[in-house]
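The chain contents come next:
Protein chains: 2
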Amino acid sequence: MQRYFIAREQFETNTVKVQGDDAFHIQNVMRAKLGDHIIVADGAGQEAIAEIVALSKGTVEATYSELTNSAGEARIDVWIAQALPKGDKMETIIQKGTEIGANRFVPFISERTIVQYDAKKEAKRIERWARIAKEAAEQAHRGRIPAIEAVSSWRELLAMVPQVTVAFICYEKEDAQQFRELLQAVISKDSASHNTSIRIMLIVGPEGGLTEGEIHEAEQAGCRTISLGRRILRTETAAMVGLSCILYESGEIGG
Amino acid sequence: MQRYFIAREQFETNTVKVQGDDAFHIQNVMRAKLGDHIIVADGAGQEAIAEIVALSKGTVEATYSELTNSAGEARIDVWIAQALPKGDKMETIIQKGTEIGANRFVPFISERTIVQYDAKKEAKRIERWARIAKEAAEQAHRGRIPAIEAVSSWRELLAMVPQVTVAFICYEKEDAQQFRELLQAVISKDSASHNTSIRIMLIVGPEGGLTEGEIHEAEQAGCRTISLGRRILRTETAAMVGLSCILYESGEIGG
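Top to bottom, those sequences are chains A and B.
Under my numbering, think of the first position of the first sequence as 1, with each following residue one higher.
Under my numbering, think of the first position of the second sequence as 1, with each following residue one higher.
Take these hints with a grain of salt, some might be off.
[What the hints assert, rightly or not] With the Cβ distance kept under 10 angstroms, some of the chain B side facing chain A (calculated, not the full set):
1. Gln178
2. Arg180
3. Arg230
4. Ile232
5. Met240
6. Cys245
Quick caveat, the hints were computed from the structure, so don't treat them as lab data.
As the structure is a prediction and not an experimental result, all values here were calculated from the model.
Note that the Cβ used here is the ideal one computed from N, Cα and C, for glycine as well.
With the rest of the complex left out, here is chain A (with noise of 0.2 angstroms):
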């Protein structure tokens, strides 16, 4: 059944009306009739089946008995700290982390930063890359589109580490024995609640690598540095790679 991430307003009792695209989409691409039934997601982690009620032109009119919670999510918070990277490569790390299922993206400046900050490109990019999340999030089946938040400086990043229950930092030169241990006493600490309290944050530095300076900063600022074994990886496939193992760790993946 084809689904749909349709605006929280758009959401009455048992009623939703999709418009836009998104009912282009159900009218000439899925050329559904009347008494068709589509998926509807709020894109915060709650979805229905309705039925379709009532098409004109630009809205479909659906109804649904009742919003139930999406089972594509995980039941672990993950959020991408990710250094911003040159080329469109910030795009793969969004799509990708995505379908693995992070919740939320902080790009960020660092020192070692290649890439030329524009202010003014900035809102066309975000824009561009929530696009990217909603539609990767349609893909795989998720109830929730992640969070794509404004490129942070340096210092607004660590000023974040409070608000997640642990904030791991990848560093190439750490010594490789930290990363499960540190993961298994969050997970395990936190097992009896299912993991609906755990928030973690994965900072990946630029293709340069963060310095030295910064890492002591970052270990001020309550974060565990963590090494992803004795392969360089790029920047771009760290994310992936942390956020695999973290879902892994946590029962989201692999059972």
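Let chain A serve as the given structure and place chain B on it in line with the hints.
Using the frame of chain A, we list chain B on its own:
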């Protein structure tokens, strides 16, 4: 220190001869001088630190005292069997899979493979894939260049199953409870021998998925069907996620 993969036949006792692009890179990009050091790796898991003792047009000679096992190699041997995906996704899978730590790529054709298989273009394509694997292995500081196999038929793929300890096949309809248990059973059984003899093949279907008939045949051939969780992963994402989980569980990522 810069790393170079050098063909095995260029290694003599304590001396190595570097030619072609690598010799050009050493002289014209790194601007190396006599007495400088480089890392020379044979692409099969052994490497040495070598001192440059002669520079001439197109050739660099270096001496080393002993070859040692590369530290960047996983103790577990993982093969990625990937149904040919659309566009340049196979390149992404080889690049990322090499960084993460796969040792062999087996592209194959299944019932729902969308791309046209062109035997004439095959040699060129395998050459290109091998170059991507070599570059990714150098960049990741690996000591081994993963093997790229010729494109297999479904039947040829299943005939490889007896060569591995276990073959996992990703199937989105499979109940999500098994992958971790199966993986732990395989790895713990072998932990006494430090994983040296474990060989795992991870089979990933094409964009349209594997058919029920193919899954049945794979099971008959001894494969274990697994799920990578409740989020539907694109074909090129599944290999990276599955590989990350295998290397994490075996202690190769995160300690």
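Verification of the supplied hints:
For Gln178 of chain B, the interface hint holds, the least distance from its beta-carbon to any beta-carbon of chain A being 6 angstroms, beneath 10 angstroms. Hint on Arg180 of chain B holds. Least Cβ distance to chain A is approximately 4 angstroms, under the 10 angstroms limit. A least Cβ separation of about 5 angstroms between Arg230 of chain B and chain A falls short of the 10 angstroms threshold, and the interface hint therefore holds. Residue-level restraint check for Ile232 of chain B holds (minimum Cβ-Cβ distance to chain A is 5 angstroms; threshold 10 angstroms).
At a threshold of 10 angstroms, the smallest CB-CB gap from Met240 of chain B to chain A is about 6 angstroms, leaving the interface hint in force. Given hint, Cys245 of chain B at the interface with chain A, holds; its Cβ is 5 angstroms from that chain's nearest Cβ, closer than 10 angstroms.
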